[in-house]
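Mapping of the first sequence onto our numbering: residues 1 to 944, in sequence order.
FYI, nobody ran anything at the bench for these hints, they're computed from the structure. Here a beta-carbon is modelled for each residue, glycine too, at the ideal position from N, C-alpha and C. Honestly, I wouldn't trust all of these hints.
[As the list claims (entries may be wrong)] Derived CB-CB ranges, DEER-like:
| # | residue 1 | residue 2 | range |
| --- | --- | --- | --- |
| 1 | A936 | E813 | 21 to 31 Å |
| 2 | W169 | E866 | 41 to 51 Å |
| 3 | R20 | D689 | 35 to 45 Å |
| 4 | W169 | N259 | 29 to 39 Å |
| 5 | S786 | R257 | 55 to 65 Å |
| 6 | R773 | A905 | 25 to 35 Å |
[Claimed, not checked] Mimicking BS3-like on lysine-lysine, the simulated pairs with C-alpha atoms at most 30 Å apart in a straight line are:
| # | residue 1 | residue 2 |
| --- | --- | --- |
| 7 | K293 | K675 |
| 8 | K585 | K675 |
| 9 | K198 | K184 |
| 10 | K64 | K823 |
| 11 | K723 | K130 |
| 12 | K570 | K585 |
| 13 | K264 | K570 |
| 14 | K570 | K268 |
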Amino acid sequence: MTFFEVAAMSEAEADIPPFRYTAAMAGEIETRWQNYWDEHGTFHAPNPSGPLSDPDHPRAGAPKLYVMDMFPYPSGQGLHVGHPLGYIGTDSYTRYARMVGYNVLHPMGFDAFGLPAEQYAVQTGTHPRKTTEENVERYRAQLRRLGMAYDNRRTLATTDVEYYRWTQWIFLQIFNSWYDPEHKRARPISALVLEYEKGDRVTPDNRAWEDLTDVERREIIDAHRLAYVSEAPVNWCPGLGTVLANEEVTPDGRSERGNYPVFKRSLKQWMMRITAYGDRLLEDLDGLDWPDKVKAMQRNWIGRSTGAHIGFPTAAGPIHVFTTRPDTIFGATYAVLAPEHALVDELVPEQWPAGVNPLWTGGHATPAEAVAAYRAEAAARTDAERTSESKEKTGVFIGVYATNPVNDARIPVFIADYVLAGYGTGAIMAVPGQDERDWEFAEVFELPIIRTVQPPEGFDGKAYSGDGPAINSAFLDGLNVDDAKAEIISWLEEHNYGYGATTYRLRDWLFSRQRYWGEPFPIVYDESGLPVAIPEDMLPVELPEVDDFSPRLFDPDDADTEPETPLSRKSDWVNVTLDLGDGPKQYRRETNTMPQWAGSCWYELRYLDPRDESSMVDIDNERYWMGPQTEGDPGGVDLYVGGVEHAVLHLLYARFWHKVLYDLGYISSSEPFRKLFNQGYIQAYAYRDGRGLIVPAEEVEERDGGFFHNGVPVFQEYGKMGKGLKNVVTPDEMCEVYGADTFRVYEMSMGPLDVSRPWATRAVVGSQRFLQRLWRLVVDEQTGESRVVDEETDAETRRLLHRVIAGVRGDMEDLHFNTAIAKLIELTNRATQVAPSREVIEPLVLMTSPFAPHLAEELWRKLGHEGSIAYVDFPTPDESQLVAESVTYPVQVNGKVRARVEVPADASEEDVRAAALEAVASSLGGKEPRKVIVVAGRMVSVVV
RNA sequence: GCCCGGGUGGUGGAAAGGCAGACACGGCCGCCUUAAAAGCGGCUGCCGAGAGGCGUGCGGGUUCGAGUCCCGCCCCGGGCACCA
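With the sequences and hints as input, model every part of the structure.
Now the structure itself:
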């Protein structure tokens, strides 16, 4: 028998009073109130205008509060108790906010495109839409059972045709825009066309615009679009049959999903020009109320570095390097290209130059052989080997010398795998004196080392990368690093050797996937092979029915394969006749679909105005809920709660789309999420037997400090809740055995919302006892009648009541739900010891309602009120009750507490001092105190 | 290696520089009960019979007073990592 069966049985068989707050009683109350809320639309939030406006709503025109959770992907497993932690947190917080007067918007939706439904479809033939919709319904039912106060009119799933219609519409806005670096914002592509037409902008080859063919013009324009097709190296994953974004590839070169090998291949794919927004995505982080950790991760991912591009002349043309330390150029004693660098083949000479150091040639007869051998060696090395810390620097001389433009020094050119093809220009000037990696390389290959920054006195390291005066650097000597940088950059620009530059680690976002279950692109191709946008009035482009949902899959290790999309096999859909303005013509549809991130890039906007059929969102509604509140405020959702795992991917993409829509004037906020909060995770113990097999966690007993399964010792481990570890506990089981309110209170009282913690079913009973005591304060368990009396409570209880009110309010504002609940328990425990006075019980019920809403509604009724508790004013503390009548001062002698004295709250400092000294007289042993410190209201400290 | 978090009873966790361990789980004792469960009440950081002493990862420091602030370490978790 499982824990839950035992618990359910003992309850059923127990001889309990007829009106006790049991799980069965809770279940009945909870269902009844969930129905009431639905029928009355209790949690509908009024918009200022449009179909969702409601001037008669109790919060119409009130200050607004927009709180959102990261919506879930509805998996086939349903929710476990870890999932709703954040949801219960935001639900409790928003229920509180509603009671203190806010017009609260708190919606919920589903991120429903994605791989699992598609993979299930491939295996079983079930349409992913069917699986997805069933899973969404299951999630909805589970969340409803927990009493979530969502505005259900605003719910959405990214797979709804009416939703992805607008996802496609946004794609078209991005496609039809370009980034104007002069105005530092996106502008309509038509403005760019106009510039070319007027001759304000020159074409790449300087020909006049009117002399270009239509196709040539389109190619020029397409090259500026924020969404564009490019033939570029992408991450091709044969095992998944699709390409992946950089963010979806792990550092060891495998797919984040499925852990298949990923290969760099040049393929034609859709890209989003997120790099154009690099500066703004970086700088605007400063104005966001986000965890520093997440900001740091985004900064790191964007990876902006400023420096210079510098040309180092060679016989075959200049080598362009990027450096963040142009000030050290006098110390550049060699140059390095990435092994794959395109210039290498052009540079390599027939013969080694005379007198070459044999160490540099790798023992090869000619430079060409040395290069080929090194390339083969580098390609065979895994990434892990390549970057392993202990690895000695490798490389090979390619037989040519470049010229250092500042002093005409002849410097050898190497290829080495410590220079990456994908960053900067794929080439560096090596300055061993100031760069640790270059120093190591220089030691291996016996290259000269010249310091150009004076290290501080006593510096005994090798490369010195800190600040200091320049040395050995001609006209830079004596300048500090920053000044030397500025000086050398203007010198380089003046002499045409280089220019100041900024590079980013951030790459453009690979936006197409070779999958079925995603948004189709609103794009067709004409006879020129160039993309043509589907007009907005022809949206949505619906996902067609197909027989085979899978892309073509390959041997995961076979890099030499080509993607084939599921939609491409549907030729009657791919080849289409459309009238796009110049009469019916034949077109070929785009057969890629959008990545799963697309739908979650803008859902915060659609919640605002889900029924708007003429626009994505009405800007008046957007301005009310998300607009900037003060000068310099970026606007956005007031509180966005979710896991830290989305720190880079989702949050960076969503910010990017939001900024494009802002630039184009569709919305008033420049950031989607003003405040971000990362909730912790609930994990659980799992158990393995002697053979290493997982046993069901709920069947394990703990005794004598050990764990046993059917009497056999097992070993405890800790991890994510999941089928694999056989340690899943579901909210449905919790509702069954304890009721939703108990479950909610338990999750909120376990600890602070942002801390991860282990699940402990057996501890849930503490929350149930709390709610049962609260219930008993109001309801006679034998008769079901109210026990509450109208007499005032005693003075001490009254002071506690107001202290609790003040404390709970503060805790709620700070999302400190665990301490708020502790205070409510304290008040409840006090209230059970005195007469059940309405003066105490009503505010107690109100304060408990954000956490245990069904129970609170029920008790509010029993206290004689009508309607819902949802919009009743939250209790306000009586300030006069917050000052105690008397204060107990601990008295310290030399830092140790030796006595306590109770004095009237208004006692003077002298009186407190006198009382304290008298109380510790014996501890002083007749010695005269050297110093007596009285901290008003706190304590007395005596020093002898 | 670098950048963030975090180390408090048997457990989850509380503590504007001011009584360390609120609240809860578990444990022990008691009431109720033929009995058990539920419920209710009491005790529960460690050492000590007690008086008392010791206690917030370790070592220093500032302070009348440090879990909290400063310096140097150790351990755990997360992120990044040859990014020029």
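A quick look at each hint next to the structure:
1. For A936 and E813, the Cβ-Cβ distance of about 26 Å falls inside the hinted range of 21 to 31 Å, so the restraint holds.
2. Checked against the hint of 41 to 51 Å, the pair W169 and E866 passes, with Cβ atoms roughly 46 Å apart.
3. At roughly 40 Å, the beta-carbon separation of R20 and D689 lies within the given 35 to 45 Å, and the hint holds.
4. Between W169 and N259 the Cβ separation comes to about 35 Å, which falls inside the hinted range of 29 to 39 Å.
5. For S786 and R257, the hinted distance range of 55 to 65 Å is satisfied, since their beta carbons lie about 57 Å from each other.
6. One distance hint, 25 to 35 Å for the beta-carbon pair R773 and A905, holds here, with the actual separation near 31 Å.
7. For the given pair, K293 sits about 13 Å from K675 by alpha-carbon distance, which is consistent with the 30 Å threshold.
8. Using a Cα cut-off of 30 Å, the hinted pair K585 and K675 is violated, with the two alpha carbons roughly 49 Å apart.
9. In summary, the hint linking K198 to K184 is supported, as the alpha carbons are separated by about 21 Å, within the 30 Å threshold.
10. For the hint linking K64 to K823, the alpha-carbon distance of about 28 Å falls within 30 Å, and the restraint holds.
11. Distance restraint check for K723 and K130: the Cα-Cα separation of roughly 23 Å lies within the 30 Å cut-off, and the hinted pair is therefore satisfied.
12. Between K570 and K585, the direct Cα distance comes to roughly 19 Å. Compliance with the 30 Å bound is thereby established for this hinted pair.
13. Restraint check for K264 and K570: satisfied, since their Cα atoms lie roughly 28 Å apart, inside the 30 Å limit.
14. Taking the CA atoms of K570 and K268, the gap is near 20 Å; set against the 30 Å cutoff, the hint holds.
Hint 8 from the earlier list is the only one contradicted by this structure; the remaining hints agree with it.
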